[in-house]
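Could you put the whole structure together from the sequences, leaning on the hints where they help?
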Amino acid sequence: MESTYAARYAGWRTDPERFWAEAARSIDWIAPYERVFDPQRGPFGSWFPGGRLNTAANCLDRHVAKGAGERIALIWDSAMEGRVTRHTYRELRDRVAKFAGALAARGVAKGDRVVIYMPMVPEAAIAMLACARLGAVHSVVFGGFAAPELASRIDGAKPKLIVAASCGLEPGRVVDYTPILDAALGRASHRPDGCLIFQRPAAPAALVAGRDEDYLQAEAEAAPHDPVPVAATDPLYILYTSGTTGRPKGIVRDNGGHAVALAASIPLIYDAHPGEGAASDVMWTASDVGWVVGHSYIVYAPLLAGVTSVMYEGKPVGTPDAGAFWRVCNAHGVKTLFTAPTALRAIKQQDPDGKLLKAHDLSRLEALFLAGERCDPPTAEWIAALLGKPVIDNWWQTETGWPITARFRGLGLTPFKPGSGGRACPGYDVQALDAEGGAMTPGEVGALAIKLPLPPGCAPTLWQDDEGYRRAYLDAFPGWYRTGDAGMVDADGDVWVMGRTDDIINVAGHRLSTGAMEEVLAAHRDVAECAVIARHDPVKGEVPLGLVVLKSGVDRDEAAIAGELVALVRERIGPVAAFKTAIVVPRLPKTRSGKILRATMKQMANGTAPVVPPTIEDVSVLDQIATRLAGQG
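For the sequence shown, the working numbering assigns the number 3 to the initial residue and increments by one for each residue that follows.
Treat the hints as calculated values from the structure; they're not laboratory data. Each hint should be verified, as a subset may be incorrect.
[Said to hold, decoys possible] Straight-line distance between alpha carbons at most 30 Å, and here's what the computed DSS-like set of lysine-lysine pairs gives:
{"#": "1", "residue 1": "Lys100", "residue 2": "Lys162"}
{"#": "2", "residue 1": "Lys553", "residue 2": "Lys582"}
{"#": "3", "residue 1": "Lys391", "residue 2": "Lys317"}
{"#": "4", "residue 1": "Lys582", "residue 2": "Lys592"}
Below is the structure:
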């Protein structure tokens with residue numbers, strides 16, 4: 003079976019344009035494209051230039067037109083509300099058309115931006131697809147982000163409208179969104195024309211006169227809107243991700259390349275297929291629509307491929323127990339489950355023997371897919387043994403939009419190597435490079451890079467920042483895309499991701515900037531300087547640890563200051579940062595040129611022998627750091 007993958011990958015290498023032209027046949031085009039790829043169009047080349055299509059119509063209308071209108075498109079399972087709703091392709095198409103009409107009635111047109119600030123409810127997906135129907139550009143902001151983060155994204159995208167929910171639901175508490183929205187609008191320089199608020203029964207919001215309108219009422223009163231043709235190279239969405247300087251980067255996704263790549267990935271990687279009529283494979287991606295995994299594999303890819311997607315509002319544990327995932331799989335006949343390793347670690351912590359798993363019928367579950375961070379081998383082996391099903395690790399990024407590496411259900415699985423992300427997907431030439439851009443020998447760790455051009459579906463640029471895209475991804479290794487990950491490619495072609503090469507920390511699959519956290523800590527009145535490093539966590543993978551040096555003359559209780567710092571990060575970045583520990587230290591270790599030795603401190607915090615560079619200014623500082631870390635326990 004391995005030769006099937008080898009043949010497909012070799013076919014792409016031999017004739018990339020033919021490979022992607024064949025993939026593009028699965029998409030309905032309003033006008034044909036002129037070329038598969040034109041390296042001269044756009045700042046960094048363009049996929050399918052000249053082509054015109056509508057992504058929402060490809061997700062919904064074409065399936066209805068082909069007789070699959072009664073197939074279930076979206077299952078919403080809310081452990082928080084204790085209910086399940088189902089939308090057929092026809093029902094979802096009709097709601098999306100109506101909400102697109104509501105947006106258009108409020109002045110949203112092709113090219114305008116709409117910020118969506120919502121929890122895991124169907125109305126979030128409907129808002130995304132309604133924007134796509136109009137040719138508007140959506141920018142979804144994860145509902146757990148605090149007001150400053152939301153404000154920065156409002157100023158970045160400059161939306162015509164904001165679509166928000168009144169609240170999100172977490173185990174044991176209700177999170178009011180509208181006060182956060184109010185605070186964000188108070189901080190932002192840009193002023194949208196208005197807000198549409200989806201009122202949830204748990205905490206309906208008091209609408210602000212002249213600014214807010216009711217989401218469902220606006221939808222009900224609207225006339226349906228037809229799909230608007232857009233260029234393949236027009237933007238579909240902006241998704242902001244943490245930058246190494248703490249300033250969010252607006253990842254742009256185009257319409258044509260995105261539709262082709264994501265539709266192709268469903269049978270290729272996940273082996274999910276629509277059946278005849280109302281029948282379909284069921285795919286559940288246990289993520290959030292605020293992240294790229296939710297964009298790609300809750301909303302767009304399953305619907306482009308015509309399969310059934312599950313949207314889950316709940317947690318892997320605590321709603322009500324560590325059997326929640328297996329209940330959902332059983333209840334909805336899930337064929338492929340896609341989640342993050344942190345969810346599995348949480349389940350393992352509470353149900354190590356799999357007693358709750360064994361209480362559910364998982365006979366229809368065929369494979370478990372993992373992404374968001376590298377899965378540690380013990381967790382991968384634990385769940386593979388319990389399920390008796392293939393466990394497939396993926397490696398990809400917000401920037402790529404779909405997997406760089408995987409094992410391939412649709413082509414016959416490549417060998418299971420716990421800790422490896424699998425082999426490169428057709429479209430990606432992945433190599434480990436040395437500091438000068440030379441290829442490393444198999445098994446040697448270097449900077450993982452992808453040979454240009456990137457395949458369809460990858461970000462063609464950053465929002466209104468072509469030069470920033472060049473600096474961040476292309477300048478380090480001319481002719482290559484710098485992933486920012488370090489790792490190796492072994493003799494079989496399997497890719498091993500060992501860690502980040504910059505200061506992005508992976509907390510429960512969420513990429514967050516330690517630089518942004520350092521900015522928050524440094525804003526405290528008593529802090530002179532600080533560093534945030536990643537510390538291993540058995541559940542979340544990594545959690546941030548703050549090391550702070552106080553200003554001279556500060557004579558306050560260090561525990562009280564640490565508590566204030568934790569609260570400050572929670573307020574300004576949000577609880578998603580999982581920032582819970584700040585340690586006061588006398589000094590930070592630095593090189594003679596003044597560079598803080600973050601990597602050295604990270605090694606110390608994680609119990610490994612630190613590599614001490616010869617340029618260190620004062621080696622005795624490391625002993626002071628070690629004492630404080632030991633005291634923190």
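Outcome of the hint check:
1. Lys100 / Lys162: Measuring from Cα to Cα gives roughly 18 Å; hence the hint holds.
2. Lys553 / Lys582: holds, 22 Å
3. Lys391 / Lys317: Cα-Cα ~22 Å, so holds.
4. Lys582 / Lys592: Status holds; Cα separation ~25 Å.
Of the numbered hints given earlier, the model fails none.
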